[in-house]
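Chain by chain, the residues:
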Amino acid sequence: KAGVTQTPRYLIKTRGQQVTLSCSPISGHRSVSWYQQTPGQGLQFLFEYFSETQRNKGNFPGRFSGRQFSNSRSEMNVSTLELGDSALYLCASSLAGQGIADTQYFGPGTRLTVL
Amino acid sequence: QQQVKQSPQSLIVQKGGIPIINCAYENTAFDYFPWYQQFPGKGPALLIAIRPDVSEKKEGRFTISFNKSAKQFSLHIMDSQPGDSATYFCAARAGGTSYGKLTFGQGTILTVHP
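As given, the protein sequences belong to chains A and B, one line each in that order. Taking the numbering used here, the leading residue of the first sequence gets 11, the next gets one more, and so forth. Taking the numbering used here, the leading residue of the second sequence gets 51, the next gets one more, and so forth.
The hints are simulated quantities; they were obtained by calculation from the structure and are not laboratory data. Treat the hints with care, since some could be wrong.
DSS-like, lysine-lysine: derived pairs with alpha carbons at most 30 Å apart [stated by the list, open to error]:
no.: 1; chain 1: B; residue 1: K55; chain 2: A; residue 2: K23
no.: 2; chain 1: B; residue 1: K65; chain 2: A; residue 2: K67
no.: 3; chain 1: B; residue 1: K55; chain 2: B; residue 2: K108
no.: 4; chain 1: A; residue 1: K23; chain 2: B; residue 2: K121
no.: 5; chain 1: B; residue 1: K55; chain 2: A; residue 2: K67
Listed below are several chain B residues computed to face chain A (Cβ distance under 8 Å; list not exhaustive) [unchecked claim]:
no.: 6; residue: S115
no.: 7; residue: F139
no.: 8; residue: S148
no.: 9; residue: G150
Virtual Cβ for every residue (Gly too), placed ideally from N, Cα, C.
Please work from the sequences and hints to get the whole structure.
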């Protein structure tokens with residue numbers, strides 16, 4: 011079974027631009043969570059989508075948004091990029107249905123650099 | 051507010067040693083505690099996980115000890131090898147509608163010398 015895939019793997023943008031990152035979950039997984047990883051703040055939860063609905067949201071500004079499609083693939087968008095948005099953005103998928111607790115499997119991440 | 055505190059930040063051991071990484075949490079709603087291993091350029095990979103109704107869980111060379119009353123849990127790596135050199139993260143998750151949200155510790159960089 012293929013793992014979680016993320017595209018692109020690397021991205022360089024300038025301040026003020028916007029960016030869209032993509033995540034394809036493991037086949038059959040309905041939940042997709044996004045995390046930001048930086049040396050200073052570590053791994054921080056951005057949001058989670060389940061069955062095309064945002065189910066949980068972290069403490070990030072509204073410039074960070076996401077969506078999930080009917081095939082469970084997910085995208086996250088960051089508008090008006092700031093230097094501090096430079097980070098590794100990780101996507102994780104799980105089976106996660108209501109009442110089911112299970113493992114989150116992470117993709118390799120997208121390294122975003124904002125100049 | 052950091053809800054999961056992890057220590058130490060870095061750890062150096064000799065091959066065959068038993069590194070121990072500790073985590074403490076505050077939120078009593080947490081009911082699932084996984085440990086992840088991350089190599090440079092890779093995403094985190096699940097090592098082992100535990101629930102608070104179990105005090106210890108062992109999988110291969112990795113053991114989690116859990117103290118519910120103290121709200122602490124730790125990872126022990128038996129017979130550590132140079133290939134175990136990586137960053138280790140503890141995490142916690144609350145039940146209910148928070149299934150998709152993991153709260154991570156700050157990470158421990160482990161170096162195992164040959």
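Here is what the structure says about each hint:
{"no.": "1", "hint": "B:K55 with A:K23", "in the structure": "33 Å, violated"}
{"no.": "2", "hint": "B:K65 with A:K67", "in the structure": "42 Å, violated"}
{"no.": "3", "hint": "B:K55 with B:K108", "in the structure": "22 Å, holds"}
{"no.": "4", "hint": "A:K23 with B:K121", "in the structure": "42 Å, violated"}
{"no.": "5", "hint": "B:K55 with A:K67", "in the structure": "21 Å, holds"}
{"no.": "6", "hint": "S115", "in the structure": "20 Å, violated"}
{"no.": "7", "hint": "F139", "in the structure": "6 Å, holds"}
{"no.": "8", "hint": "S148", "in the structure": "6 Å, holds"}
{"no.": "9", "hint": "G150", "in the structure": "3 Å, holds"}
The structure is inconsistent with the numbered hints 1, 2, 4 and 6, although it conforms to all the rest.
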